[in-house]
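Here is what each chain is made of, one letter per residue.
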Amino acid sequence: MTDSASIHHDDEETRQLERTWASPPGFFAWFTHVNQTNIGMRFIVTGFIFFILGVILALLMRLQLAVPENDFMDPETYNQVFSMHGITMMFLFAIPVMEGFAVYIIPLMLGTRDMTFPRLNAFGYYIYLIAGVMMYAALLLRIAPDAGWFSYPPLAGASFSPGLGLDFYTTVVTFMEISALVAAIELIATIFKCKVPGMSLNRMPIFVWAVLVMSFMIVFALPPLVIASLMLALDRMAGMHFFTAASGDPILWQHLFWFFGHPEVYIIFIPALGMVSSIIITFTQRPIFGYIPIVLSIVAIGFIGFGLWVHHMFTAGLPQLGSNFFTASSAMIAIPSGVQIFCWIATLWGSKPKLATPLLHVLGFFLIFIIGGLSGVMVASVPFDMQAHDTYFVVAHFHYVLIGGAVFPLLGGLYYWYPKFTGRMMSERLGKVAFWVTFAGFNLTFFPMHKLGLEGMPRRVYTYLDGLGWNEANLFISISSAVFTLGLMLTLVNVLISLKRGNIAGDNPWNADTLEWATSSPPPSYNFRHIRTVDSRYPLWSGTGGLEQNPVVTGIRSDRREILLTSILESHPEARQPLPGPSPWPFWLAVATAITFAGLMAHLAIPLLGFVLCFIAITGWVWPKRLGVAK
Amino acid sequence: MTLHADIDASKLPDYSYDFRSPLWWGIVGLMTVEGTVVATLIASFFYLQGNHTAWPPAGTSPPELLLPTLSTVVLLVSMVPVYLTDKAFKRGDPKPLAWMPLISIALALVFLGIKAYEYASHVDFRWDTHAYGSVVWLMIGFHSAHVIAVIFKTLVIVYLARRRYFTPEKRIAVTVNGLYWYFVAAAWIPLYMTIYLGSRIWS
Ligand code: HEM
Ligand SMILES: [Cu+2]
Numbered sequence: 001m002t003d004s005a006s007i008h009h010d011d012e013e014t015r016q017l018e019r020t021w022a023s024p025p026g027f028f029a030w031f032t033h034v035n036q037t038n039i040g041m042r043f044i045v046t047g048f049i050f051f052i053l054g055v056i057l058a059l060l061m062r063l064q065l066a067v068p069e070n071d072f073m074d075p076e077t078y079n080q081v082f083s084m085h086g087i088t089m090m091f092l093f094a095i096p097v098m099e100g101f102a103v104y105i106i107p108l109m110l111g112t113r114d115m116t117f118p119r120l121n122a123f124g125y126y127i128y129l130i131a132g133v134m135m136y137a138a139l140l141l142r143i144a145p146d147a148g149w150f151s152y153p154p155l156a157g158a159s160f161s162p163g164l165g166l167d168f169y170t171t172v173v174t175f176m177e178i179s180a181l182v183a184a185i186e187l188i189a190t191i192f193k194c195k196v197p198g199m200s201l202n203r204m205p206i207f208v209w210a211v212l213v214m215s216f217m218i219v220f221a222l223p224p225l226v227i228a229s230l231m232l233a234l235d236r237m238a239g240m241h242f243f244t245a246a247s248g249d250p251i252l253w254q255h256l257f258w259f260f261g262h263p264e265v266y267i268i269f270i271p272a273l274g275m276v277s278s279i280i281i282t283f284t285q286r287p288i289f290g291y292i293p294i295v296l297s298i299v300a301i302g303f304i305g306f307g308l309w310v311h312h313m314f315t316a317g318l319p320q321l322g323s324n325f326f327t328a329s330s331a332m333i334a335i336p337s338g339v340q341i342f343c344w345i346a347t348l349w350g351s352k353p354k355l356a357t358p359l360l361h362v363l364g365f366f367l368i369f370i371i372g373g374l375s376g377v378m379v380a381s382v383p384f385d386m387q388a389h390d391t392y393f394v395v396a397h398f399h400y401v402l403i404g405g406a407v408f409p410l411l412g413g414l415y416y417w418y419p420k421f422t423g424r425m426m427s428e429r430l431g432k433v434a435f436w437v438t439f440a441g442f443n444l445t446f447f448p449m450h451k452l453g454l455e456g457m458p459r460r461v462y463t464y465l466d467g468l469g470w471n472e473a474n475l476f477i478s479i480s481s482a483v484f485t486l487g488l489m490l491t492l493v494n495v496l497i498s499l500k501r502g503n504i505a506g507d508n509p510w511n512a513d514t515l516e517w518a519t520s521s522p523p524p525s526y527n528f529r530h531i532r533t534v535d536s537r538y539p540l541w542s543g544t545g546g547l548e549q550n551p552v553v554t555g556i557r558s559d560r561r562e563i564l565l566t567s568i569l570e571s572h573p574e575a576r577q578p579l580p581g582p583s584p585w586p587f588w589l590a591v592a593t594a595i596t597f598a599g600l601m602a603h604l605a606i607p608l609l610g611f612v613l614c615f616i617a618i619t620g621w622v623w624p625k626r627l628g629v630a631k
Numbered sequence: 001m002t003l004h005a006d007i008d009a010s011k012l013p014d015y016s017y018d019f020r021s022p023l024w025w026g027i028v029g030l031m032t033v034e035g036t037v038v039a040t041l042i043a044s045f046f047y048l049q050g051n052h053t054a055w056p057p058a059g060t061s062p063p064e065l066l067l068p069t070l071s072t073v074v075l076l077v078s079m080v081p082v083y084l085t086d087k088a089f090k091r092g093d094p095k096p097l098a099w100m101p102l103i104s105i106a107l108a109l110v111f112l113g114i115k116a117y118e119y120a121s122h123v124d125f126r127w128d129t130h131a132y133g134s135v136v137w138l139m140i141g142f143h144s145a146h147v148i149a150v151i152f153k154t155l156v157i158v159y160l161a162r163r164r165y166f167t168p169e170k171r172i173a174v175t176v177n178g179l180y181w182y183f184v185a186a187a188w189i190p191l192y193m194t195i196y197l198g199s200r201i202w203s
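Going line by line, the protein sequences match chains A and B.
Quick note: the first sequence uses UniProt numbering, first residue 1, plus one each step.
Quick note: the second sequence uses UniProt numbering, first residue 1, plus one each step.
Treat each hint with caution, since some may be false.
Which residues of chain A face chain B? A partial, calculated answer using Cβ under 7 Å [claimed, not checked]:
#1 Thr116
#2 Phe220
#3 Met237
#4 Leu565
#5 Leu569
#6 Ala575
#7 Leu579
#8 Ser583
Pair by pair, the computed Cβ-Cβ distance ranges are [unchecked claim]:
#9 B/Gly50 <-> A/Arg560: 52 to 60 Å
#10 A/Glu13 <-> B/Lys87: 39 to 47 Å
#11 A/Gly26 <-> B/Val73: 32 to 40 Å
Cross-link-like lysine-lysine pairs, in silico, DSSO-like; alpha carbons within 27 Å at most [to be verified]:
#12 A/Lys625 <-> B/Lys115
#13 A/Lys625 <-> B/Lys90
#14 A/Lys500 <-> A/Lys451
No wet-lab data here; the hints were simulated from the structure.
In this text, a Cβ means the ideal position worked out from N, Cα and C, and glycines have one as well.
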């Protein structure tokens with residue numbers, strides 16, 4: 001514009017940026033960090049640790065079920081273990097890990113230096129951490145919830161489940177969801193306001209679209225769950241009657257739970273779709289076929305996902321018309337899913353894709369997901385569901401959908417972004433072995449469950465009688481689950497070894513197209529030294545010679561944390577936004593929030609105290625620094 | 001290495017208003033979440049109603065209308081000073097900020113006082129009497145907690161205003177607090193209609 005005066009790499013300014021954005025070292029300072037790369041990584045690491053715990057619980061279950069009439073675990077322990085397996089996988093692993101990837105990657109993809117509310121980010125993490133630790137403490141003390149991850153009353157009510165287990169469930173679920181809600185709001189605000197100049201909505205990477213839709217789904221799907229679990233808590237602790245048979249209605253819980261629970265599957269699945277698109281673009285080295293249809297179908301899945309919840313309740317007794325409607329909408333979801341698959345295939349078609357581990361996982365996802373989708377179409381029809389409901393057929397179906405639809409893309413994403421996270425490549429050779437073992441182990445574990453289910457084996461049983469013809473299949477499944485776990489462990493070993501031994505990655509080892517690859521690996525605390533405008537959907541490949549040729553935004557201050565705000569649709573620069581630095585208050589607010597909710601278990605008055613503590617923490621949080629100094 | 005410097009952000013303001021501000025989007029997100037909570041509560045109210053021949057159940061009389069209607073009006077009026085304050089501040093006049101929200105706070109306290117009186121001595125059911133009692137008490141509790149929270153929040157704003165913290169560039173904090181106040185007041189309307197009018201349809 002004015003003076004196209006060339007600016008030089010100014011070392012002094014780089015050092016200034018480093019000082020401004022640094023996270024202070026030391027144990028206590030750890031609780032003050034707010035940079036999005038730090039918080040995102042914590043979500044990812046913590047999420048995978050819970051994944052490992054969840055898998056360990058699954059193995060314990062399979063050990064118990066390997067032979068009939070086994071007494072490795074007593075029924076009560078088994079109930080806690082399978083409930084905690086579901087709770088861990090759905091609440092403590094899947095959503096947080098997806099959010100972790102989003103929090104880490106999205107600001108980098110948008111080309112900005114941080115998210116809009118860094119401290120809120122940190123707060124969400126501590127909430128999640130405290131909730132997870134509480135749940136596992138309960139399990140170690142053998143007082144974990146034991147009524148399944150969806151804890152239906154009346155079983156989960158006070159009269160049939162006395163004791164603390166379900167109290168842990170209700171209170172922890174209620175306050176843990178705050179973490180997901182906070183992250184969702186923050187992701188929406190960041191995606192709306194922090195895109196680099198030139199990245200208009202129709203140039204946004206598909207992963208960003210997917211995370212945007214995921215965040216909107218969280219905003220609408222989680223509040224009903226929060227309220228439902230609060231109601232269950234009040235039923236149990238204050239003698240209220242939301243779900244009691246005396247005056248309330250247990251079916252209300254099912255409605256509220258599945259109004260959350262079905263979208264939840266898509267909340268996990270949609271960001272995974274975004275990862276798949278990113279990986280396909282990079283490893284075919286060509287623009288995606290049908291950008292607009294893909295984006296539209298992601299949005300469509302987001303909407304339709306809310307119209308499906310009742311298919312979890314076909315056997316609960318519903319008016320005929322209602323069932324038909326939900327059968328139809330359950331079938332409808334196949335359309336946008338199909339559109340995406342066709343676009344991906346079209347992109348792959350004739351492209352000589354590079355069969356690296358991330359892409360392998362995507363191909364694995366295709367296969368598994370198609371099987372999961374088929375069995376899904378089967379259970380979406382009411383007569384079939386009547387037959388298969390609560391058998392191992394359903395267990396097979398949802399593991400195909402969840403592991404195929406989320407875990408495989410996630411592992412692909414891990415191999416794909418690991419170089420960005422750590423600066424080193426994971427071993428390709430070990431990665432390929434790990435993939436094949438995982439893939440084979442997965443199918444060997446879960447495919448036979450279809451058969452077991454059709455033969456009538458009910459789910460959620462701690463053992464089964466000899467002589468029902470289920471012995472061989474069960475033993476086979478249990479052995480296969482060890483193979484599956486071995487595959488996952490190989491990936492874990494790969495992650496750990498590559499930290500030190502992996503090849504140096506460089507900025508953009510895959511020659512990918514999106515902005516996170518335009519900075520060093522791992523990214524510096526300020527993400528980008530220069531904020532550069534973009535002029536295409538594939539900025540690192542753009543025809544004009546790549547990003548290096550694009551104009552730079554200058555004048556963003558480096559002596560305090562500051563990001564650039566741009567308009568929502570067209571991404572015109574609008575303002576600069578100063579950001580807060582490290583702060584202990586998010587941690588304290590999380591502690592106060594935990595006291596408020598967990599206190600409910602001990603005494604009804606503790607939440608009042610917690611309310612006051614929360615208010616103190618919030619005031620400390622928002623209190624302006626300058627004022628304190630002026631005094 | 002040389003680079004082209006084409007956009008100079010130092011000329012841009014380091015504050016933003018309304019929908020240009022991330023904070024605005026943050027509060028809109030929060031209101032959406034809480035709006036969904038309100039909708040869930042109302043849906044539960046009517047769902048539970050469907051299970052009962054009489055609603056409120058036999059033996060419970062539907063709540064009286066006079067007091068709650070009065071308190072609703074008081075709460076709605078409390079939005080006016082908030083609105084005037086925000087408007088004055090947008091014009092560049094910070095003075096009302098130091099006192100006008102206190103009127104709103106006083107009105108909100110009257111609202112809470114009426115509620116407390118009503119539920120302490122004027123209703124003949126408790127939260128553990130039946131499903132009706134549970135859902136009504138939860139709605140009242142949920143909303144009252146929000147009124148209390150927004151009162152505290154506004155007190156902080158007034159205090160900071162008196163310490164001359166708010167320059168016109170920082171007015172987004174005031175706007176956002178105002179938005180939240182409107183939300184808390186407006187969320188009461190569907191709750192009021194559900195509890196006080198909805199209870200009378202079936203009784
Ligand atoms: C090593 C891998 C895994 C194995 C061997 C495994 C095995 C099992 C088994 C045996 C059950 C109990 C079925 C029943 O009796 O109803 C179960 C339940 C469940 N699993 Fe997995 N699972 C694995 C991974 C996962 C993953 C990755 C997820 C989600 C992302 C998941 C989600 C669930 C859920 C939600 C339940 C239902 C729990 C309940 O009924 O409350 N599982 N799994
Ligand atoms: Cu579903």
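Each hint, compared with the structure:
1. Thr116: Holds, because the Cβ-Cβ distance from A/Thr116 to chain B comes to roughly 4 Å (cut-off 7 Å).
2. Phe220: Holds, because the Cβ-Cβ distance from A/Phe220 to chain B comes to roughly 6 Å (cut-off 7 Å).
3. Met237: Constraint on A/Met237 not satisfied, violated at 11 Å.
4. Leu565: holds (6 Å)
5. Leu569: Violated: closest Cβ of chain B sits about 12 Å from A/Leu569, beyond 7 Å.
6. Ala575: It holds, given that the least Cβ distance between A/Ala575 and chain B is near 4 Å, below 7 Å.
7. Leu579: violated (10 Å)
8. Ser583: With a minimum Cβ separation of about 17 Å from chain B (threshold 7 Å), the hint on A/Ser583 is violated.
9. B/Gly50 <-> A/Arg560: 52 to 60 Å: Holds - the Cβ-Cβ distance for B/Gly50 and A/Arg560, about 57 Å, lies within 52 to 60 Å.
10. A/Glu13 <-> B/Lys87: 39 to 47 Å: holds (42 Å)
11. A/Gly26 <-> B/Val73: 32 to 40 Å: violated (56 Å)
12. A/Lys625 <-> B/Lys115: violated (38 Å)
13. A/Lys625 <-> B/Lys90: holds (24 Å)
14. A/Lys500 <-> A/Lys451: Roughly 44 Å separates the two Cα atoms, so the pair is violated.
This entry does not satisfy hints 3, 5, 7, 8, 11, 12 and 14, going by the numbered hints stated previously.
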